[in-house]
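Going down the list, the protein sequences come from chains A and B.
Position one of the first sequence corresponds to residue 1 (this note's numbering), numbered consecutively onward.
Position one of the second sequence corresponds to residue 1 (this note's numbering), numbered consecutively onward.
Derived from the structure by calculation, the hints contain no laboratory data.
Chain A is faced by these chain B residues, among others (derived, beta-carbon under 7 Å):
| id | residue |
| --- | --- |
| 1 | Pro73 |
| 2 | His90 |
| 3 | Arg104 |
Here are a few chain B residues that sit away from chain A, every Cβ distance over 10 Å (derived from the structure):
| id | residue |
| --- | --- |
| 4 | Asp8 |
| 5 | Gly15 |
| 6 | Asp26 |
| 7 | Pro38 |
| 8 | Ile56 |
| 9 | Val171 |
| 10 | Gln172 |
| 11 | Met173 |
| 12 | Gln262 |
| 13 | Gly267 |
| 14 | Met280 |
| 15 | Glu287 |
| 16 | Glu294 |
| 17 | Leu295 |
| 18 | Thr306 |
| 19 | Ser320 |
Result set (EDC-like, lysine to aspartate or glutamate): computed pairs, CA atoms no more than 20 Å apart in a straight line:
| id | chain 1 | residue 1 | chain 2 | residue 2 |
| --- | --- | --- | --- | --- |
| 20 | B | Lys152 | A | Glu188 |
| 21 | A | Lys184 | B | Glu54 |
| 22 | B | Lys7 | B | Glu60 |
| 23 | A | Lys184 | B | Glu72 |
| 24 | B | Lys102 | A | Glu188 |
| 25 | B | Lys21 | B | Asp343 |
| 26 | A | Lys184 | B | Glu160 |
Just so you know, even glycine gets a beta-carbon here, dropped at the ideal spot from N, CA and C.
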Amino acid sequence: MQTVVFPNKILPYFLVAPQIILTVVFFFWPASQALYQSTMREDPFGLQSAFVGLANFSAIFADQNYLHSLQVTVVFSLATALLSMGVALLLATAADLVVRGKGFYRTMMIIPYAVAPAVAGMLWLFMFNPAMGTLAYLLRRNGIAWDPLLNGDQAMTLVVVAAAWKQISYNFLFFVAGLQAIPKSLLEAAAIDGARGMRRFWTIVFPLLAPTTFFLLVVNTVYAFFDTFGIIHAVTGGGPAKATETLVYKVYNDGFVNLNLGSSAAQSVVLMVIVIALTAFQFRFVERRVHYG
Amino acid sequence: MATIELKDVRKVYAGGVEAIKGVSLDIEDGEMIVLVGPSGCGKSTLLRMVAGLESISSGEVTIAGKRVNDLEPAERDIAMVFQNYALYPHMTVRQNLAYGLKNRNTSKDEIDRRITEAARALEIEPFLERKPRQLSGGQRQRVAMGRAIVRKPAAFLFDEPLSNLDAKLRVQMRVEIRRLQRSLATTSIYVTHDQMEAMTLADRLVVLNAGRIEQVGTPIELYEKPATTFVATFIGSPSMNLMKLGNGSGWNIPAGAGLPPQAVTIGIRPEDLVIASGDMAGQLAAEVQVVAVELVGAESYVHATTADGSPIVFRVAGRSGIQIGEKMTLTADPSRFHLFDKDGKRTAA
Chain A
1 MQTVVFPNKI LPYFLVAPQI ILTVVFFFWP ASQALYQSTM REDPFGLQSA
51 FVGLANFSAI FADQNYLHSL QVTVVFSLAT ALLSMGVALL LATAADLVVR
101 GKGFYRTMMI IPYAVAPAVA GMLWLFMFNP AMGTLAYLLR RNGIAWDPLL
151 NGDQAMTLVV VAAAWKQISY NFLFFVAGLQ AIPKSLLEAA AIDGARGMRR
201 FWTIVFPLLA PTTFFLLVVN TVYAFFDTFG IIHAVTGGGP AKATETLVYK
251 VYNDGFVNLN LGSSAAQSVV LMVIVIALTA FQFRFVERRV HYG
Chain B
1 MATIELKDVR KVYAGGVEAI KGVSLDIEDG EMIVLVGPSG CGKSTLLRMV
51 AGLESISSGE VTIAGKRVND LEPAERDIAM VFQNYALYPH MTVRQNLAYG
101 LKNRNTSKDE IDRRITEAAR ALEIEPFLER KPRQLSGGQR QRVAMGRAIV
151 RKPAAFLFDE PLSNLDAKLR VQMRVEIRRL QRSLATTSIY VTHDQMEAMT
201 LADRLVVLNA GRIEQVGTPI ELYEKPATTF VATFIGSPSM NLMKLGNGSG
251 WNIPAGAGLP PQAVTIGIRP EDLVIASGDM AGQLAAEVQV VAVELVGAES
301 YVHATTADGS PIVFRVAGRS GIQIGEKMTL TADPSRFHLF DKDGKRTAA
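Okay, chain A solo, but in the shape it has when bound (with noise of 0.2 Å):
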């Protein structure tokens, strides 16, 4: 490493100012705020607070509503990754086999990353939503008795799907930079190995993307239990009965709609430990993930 010795003790500092001012404002300064908070109690007309200590979280970790809410967030984050992992990988594996308009191919798969979560979700909700969407009145037209609005299952089906979609594009990207990376030499010495269509991919093509599938399974963790607020919140709105407020989204319910900001901040703070626990699980595994060759 070479050092680099500036001649001016302030200019340094200046250069490096706008990203550290934009870390406190946006990150130091709330994630001590949320602490803070989290140890505080306020009267019910917002007056005064009181300190009440570890209180907020050993009322969190005792209410059923939390333990719900955890749940779902499990439940919807492992079928959201898994879905859009599973669409993508389908897609990546059929783009390989596109021969004309490879390019046209790839970049409409692209699309779906650019719109916002909520975009996204508003789609979503317009196309199933019971009283009008489309699709809606199709899937009753055929039997099947829809409404997200009252049924949490579908309701979370809905905001899966939703979610997912959004997500496969990227998930895309990533599948198809990894199977270009597997040696053609290798699906050629399979074939010549007498290893076909299926059984080809499952032994040979699958555990190679390995390293890809888990970075991935990683990220789409994330995704689906920070980045999916927008989409909840349009299309479902965390209901019917909460059958779809996950841990994000339970953190804005309770603060800024209920304003019980004690119990808010505590659960944010859980989620702070949590996103630290998957970044350093990510540096950990992912950043030197398996490398093979």
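Based on these hints, arrange chain B on the given structure of chain A.
Same frame as chain A, now just chain B:
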């Protein structure tokens, strides 16, 4: 074990480029055929067409009397050794060897038996439980060979298998491949661009140039009677010297030399040129000036230029004491000449 026949095989790519322009070849049972040629001559393409990894545009390939044009690679009963080995990185050596057999529903006992046998022959027994990335280049090469052997195929196809090894290991593996191929007596096609490898491995050599066969024959036939100037310069190192006949060639060719009239090019191998002593007037000779001397050990290659500036190489024993800039007269025995006509075809002396 099988014969392989190629009948007027052609490869035309979608863009209209013809990579293989009608190749016919009969390979006998147990024979080691080496396809050799410069890069881009189509030798790898031809091998891949036999393997089934490239489609055959026209013509016919038969293995053991069976037309294989429309068969999948797996149905052709061949095994291939790739240049980069193409070992499955996520499997142990044992799993790599077993993979092809498992896909063919071979019984577990039989798989174990064959792996033990192949591992012993290739001396890879200590590495059976390791992954390919834990092996050196030479060991990977052996595993790749092992994967071909355990299958007991009708034919082995080698696609430049030694080009990723260092020089010493390459010579060692070359000998081993030859020994193994002899003892198994499996028909083999071996592709290489290294003429030394080609000469030492082949029962018969096939020299390819721009998608066509230039010559087929035993290594010594090709060395002693090259059919074209291309083969003449491709086989042998340093290459054969080619000189245009006629005035200004720098060679004094006496009228009584008896060269046929159609001969326009004369080829002389570096070892057939000798330094003349005494007066060469009226005899075949050339005045040359030395520009470089390469000492390669037991012998030296002397690079020189003739009077008209064309380069010439000749071979002398060990440390010759020849100095750069030295002038000398070269001569050669006319019976060692290779004569070629205006199309570069060999012509009788």
